[in-house]
Every structure is written in C-alpha cells, then in structure tokens.
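Q: Chains as they are written, first to last, in my numbering: chain A, 5 to 264; chain B, 41 to 185.
Derived from the structure by calculation, the hints contain no laboratory data.
Hints may contain errors.
Unchecked claim - Part of the chain B face toward chain A, derived, beta carbon under 7 Å: (1) Ile92; (2) Ser95; (3) Val100.
Owing to the predicted nature of the structure, the values given are computational and were not obtained by experimental measurement.
Where is the CB? At the ideal position from N, CA and C, for every residue including glycine.
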Amino acid sequence: MQKRQRVVFVFIICAVIAILALLLAKTGVGTGISSAIQFVFSPLQKTVLHSSQNIKPQSDLEKAKQQIVQLQAENAKLQVIAQDNKALRDQFQTTNPISQNVIPAEIVGMPQFIPGVSSPEGLIIAATANMQVNMPIVYKDMLLGEITAINSRYAKVALVSSDNISFTAKTAQTGAVGIIKGQGSGQILFDNVLLSDNLRVGDMVVTTGETSFDGKGIPQGLIVGKITSIDKNPSSLFQKASVQMLVDVTRLSTVFALTQ
Amino acid sequence: MKLIILFLGLIFSILLETTIIDLPFVLLWILLFVVLTREEWVFIIAIVAGFILDSLHLTVFGLHAIFFVGFCLLLFLYEQKFELQSMSFVLAMSCIGSILYLLLFGSTNFVLQVIFTSFLGVAFFLPLSFLFKNHARSSITPEFS
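Okay, chain A solo, but in the shape it has when bound:
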C-alpha cells in the first residue's frame, strides 16, 4: 500500500473514532472515559500546579500587600455589618443569620492563563458530591466566581472577571447599587450606577445577594473587589467604575464552594 493511501486509511479510522466519541459525548461511555482520564491525570496536574506556585517565593512586600488586602477586606466586612445593624435598628427587625456551608475544593487548572501575560478566566477545581452548577465559589469572604459546568471529577468555575458573569452589587461605604460585569483579562466593571449615587476610589464592592427561594445563588455581603477608577460622565445615564479583585487566584491552591 502506498504511503499516501495508508495515511488516508488511518485518518479515516481515527476520524470515525473521534466523531463517534463526539456523538457519544453525552452518554455514559463518554463520561466514563473522561472520568478515567481525569483520575489518571488529576495527581499529576496538582503536582505541576503546586510546583509552579512554589517557584517564586513571596517577598516581604508581597506579604505586606497581602496583609493590607486582608485588613481592607475585614474593614469592608465591618462596614457591611454596621450598615446592616443600622438598618435592623431602624426597622426593629431581626433575622437569623443564614448558615453558609462551604465545601473545600482543590484547584487543578487555570484555563486561559499565561503567567505575566494574561489573567486566568476561570478555574478547574476538584468536584465533590454536593457541588452544583451556579454554586458561588469563595475564598474567605471574597467571591471568586461561580460553577458553570461540572462532571464527576471536575468543576469549571467562571471567575467574576470572566466576560460571561454579571450580578448586582453595592459599595460598602456609600451603598451605591450597580451591576458587576466581568470584562475578561482580569477586568471587572461596576456598571449601571445612578449618577446621583456616590462612588469612591478604594471603596469595597460587595454582593447584594441574588439568592433564590430555595437558597441557591450568590448570597449578600461577599466582597467582590475594590474600586480602582471611576468613569462619571454627566451626559451619560449611568456612571461606572473599574473594580479589582482583592485576591490573586493564581496564588491559591484551595477555594470553597458555598452551599445553601
């Protein structure tokens, strides 16, 4: 058999196998093979990811910056609590705190991430039995994103900065309400804020809560990030601001999924 014929013959066989796999993707056969591959590669992926995080040790300046970020997060949390207390006192109303159960999940991959060039658009985390699509992913009190796809071993997380994420949020100090929109490449926009509302650089943005009747969705009071710049044009209907996440996800090895 001529080499060219051999090539075409092997190509046809492989193409048929690949197309069959594509057709069987949603059946048990496809997911079974996927799970087996993930089972084999999961420890190797974790090793590669963790070794890459340990290549560059944190300097004192980075540690100090991290502490500042933690303090800012604490401050924002206190401001939210203070506002909540005031509102409760005003309305003579009390509510029981909703218990937020968290499921720890190890990060195994960061799609669309090139160190020094681009920020990760999402995370691949190890899935557990209780995880579901649309479940918020947090680190401490900071919202990182939400689960967009899940299978038996892995869950795909879209970060707040990814361009398919949007939800309502408010500023911690001034209470200006707007919509958080991921812009891709690590950029977050706090849009649709009324011109009459007050935005300040350095103010924290927290979630207003988009929890459904059965307790699913993003709870209120989670920190989204810090306002870094404001775009206010008197001729526009709304003002907007750029928001920066407080946590560097590339440094994390474990995140938490929020259950009901």
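Based on these hints, arrange chain B on the given structure of chain A.
A: What follows is chain B alone, placed relative to chain A:
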C-alpha cells in the same frame, strides 16, 4: 530513546496546557511528531492526546481529537510538496495551526499567543531535528527502495 523524549514532551505539554499555561503546546508537539517521525501512528497519538485534552479542559469529548486528526492529515498532505523537516515549514504550520486552534477553542491575547506559539514551535524543533535527523531518513528509505 528519541521517541521517549517526544512522548515525555507530549505528556508534559498536556499537563502544562491544562494547568498553568494556556498555549497550544499539545498542537505543537503533534506537529513535531509528524515532522520528525513521518509515521502514520501519529494519528493515534493525536486522537489520544485530543481525548485527554477534552477530558481535562471539560470541553465536548472528541472535539480536540477531531481537530488534531485533521491537522495531522493537513501536515501529511503537504509532505509531498514541502520539506517537512525545515524551520520555515514548522514556523508556518505552527502559526496556521495555532490560529485555527485558538479560533476554534477561543482564547484571550490571540495575536500574542499565535506569535509566541510559532516561535516556541521553532525553538522545540531545532534541537529535536538534530536528534531525529537519521530517524526520518531511515523511515523514508525503505519506501523508495
């Protein structure tokens, strides 16, 4: 020994592409497999690597596999017309391949990634081409004898 280096490189590229660096390393490595070995079994490597990437990227199972198999066919079709083991061919094919790959699977920093991938392809190819100089010749010779 030479093939072991290629296989280890491929496994390492799969791990890199699915964890810390989002560049089409696996595509590059399949290109190198075709260019350096010129054997039909590279199709099997391509399909398996595609299945692994689909599983680890959580994309539709079989999508990467189809792309890689098609890419291999494209490379083999050019075998008669161009000298595969040349820097210009590797540069051109890694550029074309990465453009198609990034268009299909979506990515940020498209242009930068294509440029970076093309140069990486050449950077990987140059040292490996010395190792495989005799391998490719010996695999071709019986065909013409």
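Q: Quick check: which numbered hints come out false for this structure?
A: none
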